[in-house]
Amino acid sequence: MSSPTTTAPRPTGPSEPTGDVLLRARGVSLSFGSVRALKDVDLDLRAGEITAIVGDNGAGKSTFVKCVAGVHRPDDGTIELGGDAVSFRDPQEAREAGIETVHQSLALVEDLAVWQNLYLNRELTKGVGPFRVLDRRGMRAGARDMVSGLSVNVPSTTSRVRRLSGGQRQAVAICRAAGFSSRLVIMDEPTAALGVQETERVEALIRRLRDDGRAVLLVSHNFEQVMRLSDQVWVMRSGRCAAGRRTEDTTGEEIVALITGAKSA
Amino acid sequence: MVSATTSTSRDGARRSGPDGADRDGAATPARPRWRERLADPGTWAELAAPVGLVVLVVLFQVLDPTFLTLGNIEAMLAAAAILVVLATGQTFTVATGGIDLAVASTMTFSAVMFGVAFGAGAPVGVCVVVSVVTGLLFGLAQGLVIGYGRITDFIVTIGGLSIASGLALVVSGGQPQSIISTFMLRLSTGGVGVVGYPVLVALVVAAAAHVLLFHTRFGTHVLAAGGSPEAATATGISTRRVKTAVYTLSGTCAGLAGVLLVARIGAAEPAANTQFLLNAVASVVLGGVALMGGRANIAGPLFGALLLTALTNGLTLLGVSQFYQPVAVGSVVVLAAFLSRYQR
Chain A
1 MSSPTTTAPR PTGPSEPTGD VLLRARGVSL SFGSVRALKD VDLDLRAGEI
51 TAIVGDNGAG KSTFVKCVAG VHRPDDGTIE LGGDAVSFRD PQEAREAGIE
101 TVHQSLALVE DLAVWQNLYL NRELTKGVGP FRVLDRRGMR AGARDMVSGL
151 SVNVPSTTSR VRRLSGGQRQ AVAICRAAGF SSRLVIMDEP TAALGVQETE
201 RVEALIRRLR DDGRAVLLVS HNFEQVMRLS DQVWVMRSGR CAAGRRTEDT
251 TGEEIVALIT GAKSA
Chain B
1 MVSATTSTSR DGARRSGPDG ADRDGAATPA RPRWRERLAD PGTWAELAAP
51 VGLVVLVVLF QVLDPTFLTL GNIEAMLAAA AILVVLATGQ TFTVATGGID
101 LAVASTMTFS AVMFGVAFGA GAPVGVCVVV SVVTGLLFGL AQGLVIGYGR
151 ITDFIVTIGG LSIASGLALV VSGGQPQSII STFMLRLSTG GVGVVGYPVL
201 VALVVAAAAH VLLFHTRFGT HVLAAGGSPE AATATGISTR RVKTAVYTLS
251 GTCAGLAGVL LVARIGAAEP AANTQFLLNA VASVVLGGVA LMGGRANIAG
301 PLFGALLLTA LTNGLTLLGV SQFYQPVAVG SVVVLAAFLS RYQR
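Respectively, the protein sequence lines represent chains A and B.
Per our numbering, residue 1 is the first one in the first sequence, and the count goes up by one each step.
Per our numbering, residue 1 is the first one in the second sequence, and the count goes up by one each step.
Treat the hints with caution; some may be incorrect.
A few chain B residues facing chain A, derived, Cβ under 8 angstroms [stated by the list, open to error]: (1) D64; (2) G119; (3) A120; (4) H215; (5) R217; (6) T220; (7) L223; (8) A224; (9) I237; (10) G294.
Not close to chain A: a few residues of chain B, all C-beta gaps over 10 angstroms, as computed [to be verified]: (11) L63; (12) V211; (13) T316; (14) V334.
Computed footprint of chain B on chain A, listed as stretches where at least three residues anywhere in the stretch have a Cβ under 8 angstroms from a Cβ of chain B [unchecked claim]: (15) 84-96; (16) 100-108; (17) 130-141.
Rather than coming from a laboratory, the hints here were simulated on the basis of the structure.
Glycine included, every Cβ here is placed at the ideal spot set by N, Cα and C.
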């Protein structure tokens, strides 16, 4: 295992990043049987920044993200969160450490209300011992605060998710990830299923998360979106982190060349 | 687009019944628009049981004025009590997208175990505990196989149906055990006013179930695990534990129903009791509980059980042959399932 302290961050070009490094991955490797899905991945995520991971299908983006979110455990290497080495046994542990994931499927329960989804498995209760009952009023009020705090366009927190549009659902899922003092929000293809107008709203929401000082990790196939939103781009190719660029110092063409391997870091 | 979505969603929040998404004074402009609500077939699916009950009561009362006499009401409530307890437990398994086809057999097995304890000279209190614990353990076993063995609910509980019926015969040797106990006699005949003790037990069970479903974390997790197992898992809810718990709950209710059954017939019989299974599932469907899971309430199945009881009672009063009763019950259930298509 390489020493995580001595290695400087990868070359980042002339524009220097501003936020503190929140998540530092060094030498992360993972194999599924004989398939080496991740090979010595080194990358950093900074607080107050949107970091994008791009790469072809099968390049290891999702696998890496799942290592961060606690779904997979790396065979080798270290992941540090806020300076402390972490090793999550399951997604719940990652959640408790402040790493929230917005799944592509959104993980919302359609027949429950918005507020119930926002508080799912983190319900507020009142009372003592075995007689604890839900604090429905408190959760509804909290849900309203969460929604208005991010200026999310959701009609009412008492609506069933079933009645929301795709963009509104995405907003609810992001809102849930942003709540509860999360430090890192992982988003997998957040606007893949959305129209132009809804994509704009969701992107504005993602920017607000960044401006609140959270780290956002974006997995996207949409280069225009990556160039529009991100501060830092990491390119993955066949299980390796092939290159890292500050978004403002690169171009879509260069990223594509890095992804295909036409250009090396 | 935005404003349109807003108004429909608010309607949605108001329309939704006593389950999860409910009225919120602060966020929604109050006052339901009744005309709009009545135009929505979803409302009818949710109100199927109470509305159907009222229609039946009026119909039977017109056809036979003895229908609403105090004695007949008492008899109907007493007859409905066991069904209400079974349907309440069943509601939880259906809410997770499952079904407990072994409820009636579990009840029979529990009743037989009551008889075995009674025959061995145990005090009635101990017999009651034996019956309830038998149901609990049988439900727990089913739940563990479903949750941790990852076998379809339907298969496990249809096996459970056979096993529990068989065990009831094995344990009893096929013979009924008559229960002569003043406590059990008082349980079946006594009460507060018109409301017999079995009815009180059923109401307490239903009220506790309502609190459990809508006012505890467990209830929310049941609805989440039924509505979207993926979402439940992603938020750290253990769907296995939820499955285990709901079948344990259903078994416990069946065990309690076994006590009421023994009190009602004055004996512990290893009889099949198939009609209780059909009627328990039927009550839940009539009550507007989604068979796909994720949407449930307790009042609906309660009214469903009352409706089915009123139906059989009324037909008997009118002198309709008993052979037609299963036909009537089956038709009503299919009709209710048809209404529930519009529930979304």
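These are the hints, each one checked on the structure:
1. D64: 41 angstroms, violated
2. G119: Since chain A brings no Cβ nearer than about 35 angstroms to B/G119, farther than 8 angstroms, the hint is violated.
3. A120: 33 angstroms, violated
4. H215: Because about 4 angstroms separates B/H215 from the closest Cβ in chain A, which is inside the 8 angstroms limit, the hint holds.
5. R217: Given a least distance of 5 angstroms, the restraint on B/R217 holds.
6. T220: 6 angstroms, holds
7. L223: 6 angstroms, holds
8. A224: Holds, about 5 angstroms.
9. I237: Cβ of B/I237 sits 5 angstroms from chain A, so the hint holds.
10. G294: The hint holds - B/G294 has a Cβ within 8 angstroms of chain A, the shortest such distance being about 4 angstroms.
11. L63: 39 angstroms, holds
12. V211: 7 angstroms, violated
13. T316: 38 angstroms, holds
14. V334: B/V334 clear of chain A: closest Cβ-Cβ about 23 angstroms, beyond 10 angstroms.
15. 84-96: holds (count 4)
16. 100-108: It holds, with 6 qualifying residues against the three required.
17. 130-141: holds (count 5)
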